Amino acid sequence: MNKLISSLALMAFSAGAFAADAVAQTEKQATNWHAIIMFCIFVALTMGITYWAASRTKSTADFYTAGGGITGFQNGLAIAGDYMSAATLLGLTAMTYTQGYDGYIYMMAFFAGWPIILFLMAERLRNLGRFTFSDITAYRLDQGKVRTMAAVSSLTVVCFYLIAQMVGAGQLIKLLFGLEYNVAIFAVGILMMVYVTFGGMVATTWVQIIKACMLLAGGTLVMLLAMSQFGFSYTTLIEKATSVHKLGDKLMYPGSLLKDPVTAISLGLGLMFGTAGLPHILMRFFTVTDAKEARKSVLYASGFVAYFFNVIFLMGLSAIIIVGQNPDFFEGGEIGKKLIGGGNMVAMHLAKAVGGNMLLGFLAAVAFATILAVVSGLALAGASAISHDLYARVIMKGRASEATEIRVSKIATICLGAVAIVLGILFEKQNIAFMVGLAFGVAAAANFPVLILSMYWKGLTTRGALMGGYGGLISAVLFVLFSKSVWVDVLGNAAPLFPYTQPALFAMPIAFFMAWLFSKTDSSVAAQAEIAAFEDQYVRAQTGYGAAAASNH
Amino acid sequence: MSSAMYERMRANPKFQELVARRGRFAWTLAIIVLTMFYGFVMVVAFNPTALGQPVSEGSRVTVGVALELGMFIFFWVLTAVYVKRANTEFDALNQEIVREAWKEEK
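From first to last, the protein sequence lines are chains A and B. Mind the numbering: the first sequence is residues 1 to 553 in this note's numbering, read in order. Mind the numbering: the second sequence is residues 1001 to 1106 in this note's numbering, read in order.
Please note that the accuracy of each hint is not assured.
25 angstroms max Cα-Cα, derived DSS-like pairs, lysine-lysine [unchecked claim]:
| no. | chain 1 | residue 1 | chain 2 | residue 2 |
| --- | --- | --- | --- | --- |
| 1 | A | K429 | A | K338 |
| 2 | B | K1103 | A | K292 |
| 3 | A | K337 | A | K246 |
| 4 | B | K1014 | A | K292 |
| 5 | A | K458 | B | K1014 |
| 6 | A | K484 | A | K145 |
| 7 | A | K250 | A | K337 |
| 8 | A | K58 | A | K397 |
| 9 | A | K484 | A | K429 |
| 10 | B | K1103 | B | K1014 |
| 11 | A | K410 | A | K145 |
| 12 | A | K292 | B | K1084 |
Facing chain B, according to a computed beta carbon distance under 8 angstroms, are these residues of chain A, among others [said to hold, decoys possible]:
| no. | residue |
| --- | --- |
| 13 | Y104 |
| 14 | I116 |
| 15 | G144 |
| 16 | T148 |
| 17 | E239 |
| 18 | Y253 |
| 19 | P254 |
| 20 | R295 |
| 21 | A306 |
| 22 | N310 |
I should point out that these hints are in silico values taken from the structure, not numbers from a laboratory. Since we're looking at a predicted model, the values are computed, not measured. Where a beta carbon is used, it is the ideal one built from N, C-alpha and C, also for glycine.
Generate coordinates for the entire structure from the input sequences, incorporating the hints supplied.
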């Protein structure tokens, strides 16, 4: 049970990723035609949009940030789409189904980072950044070194995240659609390459928006149909759920999930600040016109996320009665045995129970669309780190033409797609639950500290940024490597070298401390100039004067 | 982007006012959210049974669920409050600062 919880926890923890652990070794199901037809409609629609977007994607600004012309509302939906993955829908419903109130606590932890991002980061991000978050960290520091560091940690995050997504996608699609694992991996990889290479950020954003609407509509419909069975009464629902659930009244008490305060705080930190360090989420702040729209995006995004989490909570609770008391959904037709398809199928079974095969097909198509959209956002973020940071700024030192930069980013996208397919196949049978934790740990420890210091602390120098960034990256990777989830579960050692599974509480202070120490002791001439340059950066961060404007369309 | 423009903006007392007012507002809200969230995490870690109690005798709504639903709504209202004030009051001040710096340029 603990193992299930920790894998679910990791899954929930990932703002868009998958721990395939819990869905691993799934049985291939009968081909689900409803789902396949609905998914094909989604693909046809998004391909049409990609075709339209391709004609509007000419400059690098179009490719990376949709020309900065996305409105706050559209971007809010897209951010919500990036944040509410298939893992959110399936993992959190399953968690509420088995653990009750614990699932709700997790959702709160997921949500609480957004107000902080708004208050402390959103306007500075938009005012200073252009295409990637390295634009901000490298603003007054050494372009070559700092961008290389930021690109390395961005790509690390993107790769771990991609592996988790691809393996999760393959397992899930095998289960939902009855397709072969490899077919599913190729389908996801190739569709993603098409969206990103042809449509750039415009297509990626619209895929994300459509998917977010489908997810919100699908979830709401299932929730309403389920609640109608209880006369829309929360009291009736809870009475029935606590009377049949094996936890009884304990269902609505906090369970074993956050017992240990160190893990609880570390997880809270990792969730909150990992989100604020994910390259594909940060990139979304550059797609809007100005700081005003950037703020509105967070307002809409957090509204949708908060709403959807409450929908999921009700779905999970209703499933306790509707799915948990129906022998049809259990292996061998016996209540209390293993659920058909594994624990993550709760949301799908609920859809089938309340809305038949049509609704099941719709929700399955939504889950597939979700994976595709998240993978596309990741690929675009990874490709821009390669083409904008490494190629255009580090290798060509800003002398690359827009046309070649776009060409490089398209090649990078195709390479990342190929890498994702290969890794997806290689890791099929592996326990990849830790990858998501690693992606978040690296984002929180390598990207976030340097990013926030470069915006808030005058004294940051190139040397400090490099030591902080690499220090956070290496310590986060090592803490995860030596923790139970890799050292024991994957490498088969007897005991973990590091007692906690969540690295953020330990790796983040290391990054901050190293950035501080090596900046303070840096007395070079370059460092003086970098500190002096903060004043102008500060005025721009505050007023937005000089910030990249939206291109005209 | 001319450094002279930035210099003039920084010298404008309105800039200091904007930075001080917006900064104070943003940090106040951030501290409210952080305190409530980590306070809640501490209750979960150290006194979980308190969260399982019904809000009133015989009710099926527990303290934990009510508290959390309240936090979801309250945090979102805080974001709305910040966006409202930043997009009207602070942005107006911001535009004045930029406009005045432009005027001096001519």
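Going down the list of hints, with the structure as the test:
no.	hint	result
1	K429/A / K338/A	holds, 21 angstroms
2	K1103/B / K292/A	holds, 24 angstroms
3	K337/A / K246/A	holds, 13 angstroms
4	K1014/B / K292/A	holds, 19 angstroms
5	K458/A / K1014/B	holds, 21 angstroms
6	K484/A / K145/A	violated, 34 angstroms
7	K250/A / K337/A	holds, 21 angstroms
8	K58/A / K397/A	holds, 22 angstroms
9	K484/A / K429/A	holds, 19 angstroms
10	K1103/B / K1014/B	holds, 15 angstroms
11	K410/A / K145/A	holds, 24 angstroms
12	K292/A / K1084/B	holds, 10 angstroms
13	Y104	holds, 6 angstroms
14	I116	holds, 6 angstroms
15	G144	violated, 22 angstroms
16	T148	violated, 25 angstroms
17	E239	holds, 6 angstroms
18	Y253	holds, 3 angstroms
19	P254	holds, 4 angstroms
20	R295	holds, 5 angstroms
21	A306	holds, 5 angstroms
22	N310	holds, 7 angstroms
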